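S.K.: Residue-level listing of the chains:
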Amino acid sequence: QQPVQSPQAVILREGEDAVINCSSSKALYSVHWYRQKHGEAPVFLMILLKGGEQKGHEKISASFNEKKQQSSLYLTASQLSYSGTYFCGTPHNSGNTPLVFGKGTRLSVIA
Amino acid sequence: NAGVTQTPKFQVLKTGQSMTLQCAQDMNHNSMYWYRQDPGMGLRLIYYSASEGTTDKGEVPNGYNVSRLNKREFSLRLESAAPSQTSVYFCASTSHGGGSYYGYTFGSGTRLTVV
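As they're listed, the protein sequences go chains A and B.
Per the numbering used here, the very first residue in the first sequence carries number 1; after that it's consecutive.
Per the numbering used here, the very first residue in the second sequence carries number 1; after that it's consecutive.
Extracted from the complex, chain B is given alone in its bound form:
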């Protein structure tokens, strides 16, 4: 099915470990986003890529890095995981360049626990 695919779906890390969350879309969308969702906080933007070759910080970028590997793939890396990064991470994409003129399609999420 067409859409946004995230891997892994679940992950438990120890404090200080690193990992990369993968995201791929097959809708030929230009823009891709990483959000985190915490109880009572809504969705907060970590990083985004308006188009292939560009990335920008969002509201909560500290402790994360991103790579826009190609038009399809946008990965999120935690270099040294901390308990405060325990969250559900969603990748999303849309067809407009960095904008909000079209609806976002979200992946199914990665549930990350840092102990």
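Chain A extracted, bound-state conformation:
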């Protein structure tokens, strides 16, 4: 079951904040976040393994609500370099299975 991401697309001005959500109808064992710039490969940002876990990566952080079966990616004080498509990925079944990815959220940061 493919996780559902929202919004599908968002446009920000430099310095603005954004939240990208990832939810699943199945139990979540972990959540990965990746960023893909146009014409390039996806790049790993972070992984959340436990419910309630929060992590940060520069000005990009994420939370994982295991009970609600969802994760959120927070981008604060956005920079032009944050533009790209963000994907969440979750294990197909238990934690020891390949990732199933959402359809992505396209983020555009403009000056």
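Simulated from the structure, these hints should not be mistaken for lab results.
Take these hints with a grain of salt, some might be off.
Non-contacting residues of chain A with respect to chain B, defined by C-beta distances greater than 10 Å in every case (computed) [as the list claims (entries may be wrong)]:
1) P7
2) L12
3) M46
4) K59
5) Q79
Within a straight-line C-alpha distance of at most 25 Å, the following computed SDA-like cross-link-like pairs (lysine to any residue) qualify [what the hints assert, rightly or not]:
6) A:K50 with B:P61
7) A:K59 with A:S108
8) A:K103 with B:Y101
9) A:K37 with B:D56
10) A:K37 with A:N93
11) B:K9 with A:F44
12) A:K26 with A:M46
13) A:K37 with A:Q79
14) A:K103 with B:P61
15) A:K37 with B:D26
Since the model is a prediction, treat every value here as computed from it, not as a measurement.
We treat Cβ as the ideally placed atom computed from N, Cα and C, and that holds for glycine.
Using the hints provided, position chain B relative to the given structure of chain A.
M.R.: Below, chain B without anything else, positioned relative to chain A:
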């Protein structure tokens, strides 16, 4: 540079032709994956290899075969290409056996067009 190397980067095939996409990683990872990416569809798993000597089907395996040649190399073969296989193909690897406890490292992709 360490990472995942895919060849070729671009390919145009005629319907019915066959080809093999090559993937190699030098990070001593156990698990390797093939995904395809189509506009608006995200990344869909074709096949994966949790460890050397094993392969399993993913979400969209029809029309493809794979070979885990050794720990480093994992190839994807299209026996008789169809226009529906026009896509960008990504190979990825991770250190855990078939799992999702570590981040995936992706190759730069193969852009395949079937005419």
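S.K.: Indicate, hint by hint, whether the structure satisfies it.
M.R.: Hints and how they fare:
| no. | hint | result |
| --- | --- | --- |
| 1 | P7 | 14 Å, holds |
| 2 | L12 | 21 Å, holds |
| 3 | M46 | 8 Å, violated |
| 4 | K59 | 19 Å, holds |
| 5 | Q79 | 22 Å, holds |
| 6 | A:K50 with B:P61 | 31 Å, violated |
| 7 | A:K59 with A:S108 | 16 Å, holds |
| 8 | A:K103 with B:Y101 | 21 Å, holds |
| 9 | A:K37 with B:D56 | 29 Å, violated |
| 10 | A:K37 with A:N93 | 28 Å, violated |
| 11 | B:K9 with A:F44 | 21 Å, holds |
| 12 | A:K26 with A:M46 | 21 Å, holds |
| 13 | A:K37 with A:Q79 | 14 Å, holds |
| 14 | A:K103 with B:P61 | 19 Å, holds |
| 15 | A:K37 with B:D26 | 24 Å, holds |
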